[in-house]
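*Asks:* Same order as they appear, the protein sequences are chains H, G, D and B.
Position one of the first sequence corresponds to residue 249 (the numbering used here), numbered consecutively onward.
Position one of the second sequence corresponds to residue 249 (the numbering used here), numbered consecutively onward.
Position one of the third sequence corresponds to residue 249 (the numbering used here), numbered consecutively onward.
Position one of the fourth sequence corresponds to residue 249 (the numbering used here), numbered consecutively onward.
Calculated from the structure, these hints are not laboratory results.
It is possible that part of the hints are untrue.
Identical copies carry no separate label here, and so any pair may be met within one copy or between two of them.
Stated by the list, open to error - With a cut-off of at most 20 Å between alpha-carbon atoms, the simulated DMTMM-like pairs for lysine to aspartate or glutamate come out as follows: (1) K323 with D294; (2) K323 with D355; (3) K274 with D369; (4) K274 with E302.
4 protein chains.
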Amino acid sequence: MSDLTLAAAQTLVATALRTARERNLKPLCVVVYDARGALKSFAAEDGTSLRRGEIARGKANGALALGLGSRAIAKRAQEQPEFVAAVSHVVGPEALVPVAGGVLVRDGEGRVVGAVGISGDTSDNDEICALAGIEAAGFNGDTGA
Amino acid sequence: MSDLTLAAAQTLVATALRTARERNLKPLCVVVYDARGALKSFAAEDGTSLRRGEIARGKANGALALGLGSRAIAKRAQEQPEFVAAVSHVVGPEALVPVAGGVLVRDGEGRVVGAVGISGDTSDNDEICALAGIEAAGFNGDTGA
Amino acid sequence: MSDLTLAAAQTLVATALRTARERNLKPLCVVVYDARGALKSFAAEDGTSLRRGEIARGKANGALALGLGSRAIAKRAQEQPEFVAAVSHVVGPEALVPVAGGVLVRDGEGRVVGAVGISGDTSDNDEICALAGIEAAGFNGDTGA
Amino acid sequence: MSDLTLAAAQTLVATALRTARERNLKPLCVVVYDARGALKSFAAEDGTSLRRGEIARGKANGALALGLGSRAIAKRAQEQPEFVAAVSHVVGPEALVPVAGGVLVRDGEGRVVGAVGISGDTSDNDEICALAGIEAAGFNGDTGA
């Protein structure tokens, strides 16, 4: 069902965190889900706040739930806040966090094989790290831009 | 694990409430969490409304969850209401109340050792009492200002 | 609505914890609710495990919810486990923990003015501390025995 | 606040999974929490079932919540099933899975710095992998035996 192996997910996380350190970003949480929405790999850098991981999860879960990178969900939340608020109740316990940093992972044929969520710095920087990780793992990132 | 002892937390609560009585504020609820987000000490003055304590808890829990005093979360809620509304779903059952009065407790090296939440009077007055309590307990308050 | 003042609740907590220290019990969490089920006073001794406070709350909340000391609920849980399991879903987010240590606080006329929950040592010892605290505060404890 | 660094947690996970492969165990999920109950590191081997990770999380979360390795919780569940069933409602959304494989991570002074949960093979084998990982990371495992 899922082509996103643990080895690929671990390469993704390691590259995202190396990108964050090269740019001197704040400590990040990085989550990778497979295509089923099952947690595949996770890392919380030292110094992250208590629920930072849940925010990362909400970005990735929202992207998978709606089939849209969280940048697109953020745009929709500004245009139709009541829609996004309501949907956040029905997408499972990880809910939905409508800001950039939740990126769909697509294979060469465009199929969704998983999603990445990153939180800790600005949402633009979070997204840059997610894209670097996805590319290193041999997939294409879909931010919703 | 946590440097915020029960003795210190009780000093904090007693000072916050004495400050409130000296200023003739409305009855307050005061909550202290440790760094794990575990409830450490709590007091509801006589006359507080039915869910006043939950509001105090939401201020403190939000601060711990995001690593930001609730005054900063209030500012973010005005700029990006849909973000803060969504995050309130993913920070645990105590949720998040984005107004002043949720203050991080930091030790001399800047480490977060807990959080205080106060509700009952204006949020500015709630915050004044939190800061007085944190100082009496020998720590530094971080309001997010 | 409630005659259980903060001053009385704080006397209750202090006496319960002094009783625990005199007996060399494990570190305890003590919770006091008023008659409305609103949190009135709380203390977690240093060294309590992460969710020990939630267990104390579940004992007290169950007692208030059913109007029975948690020792009686424990007995019912052994006789009718499916009843108690089901009820635990409908008594609010603090749920219900069916072992001794959740004690109703009654005034001289038998009216329920609150409930105490203690967790950390054996449930029999937890209950002893609750009863000591309730007596010191000038009320009568109803364990459900 | 937590002495369990990401580097140590990643060593722990890698060693646990290497131990599993050397023994030809079924695919595992490995979760590491820090002392706050915040997710620190996670890996799901290829081929794990849809909610295997949630089982691993419930083992580790129960251990942290009660301050007991999940082997001890399993024993309690056989003696007092209604107690453990009830407590699983009050230990947070990850709940509690009362079988071996949830191991407390203690430092040299006995302080709890986190917890590991593993699920996928027999619970005895899951626990062997957890202990191997904890030792490789320089800590002591407390299984509740």
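*Asks:* Quick check: which numbered hints come out false for this structure?
*Replies:* Violated: hints 1, 2.
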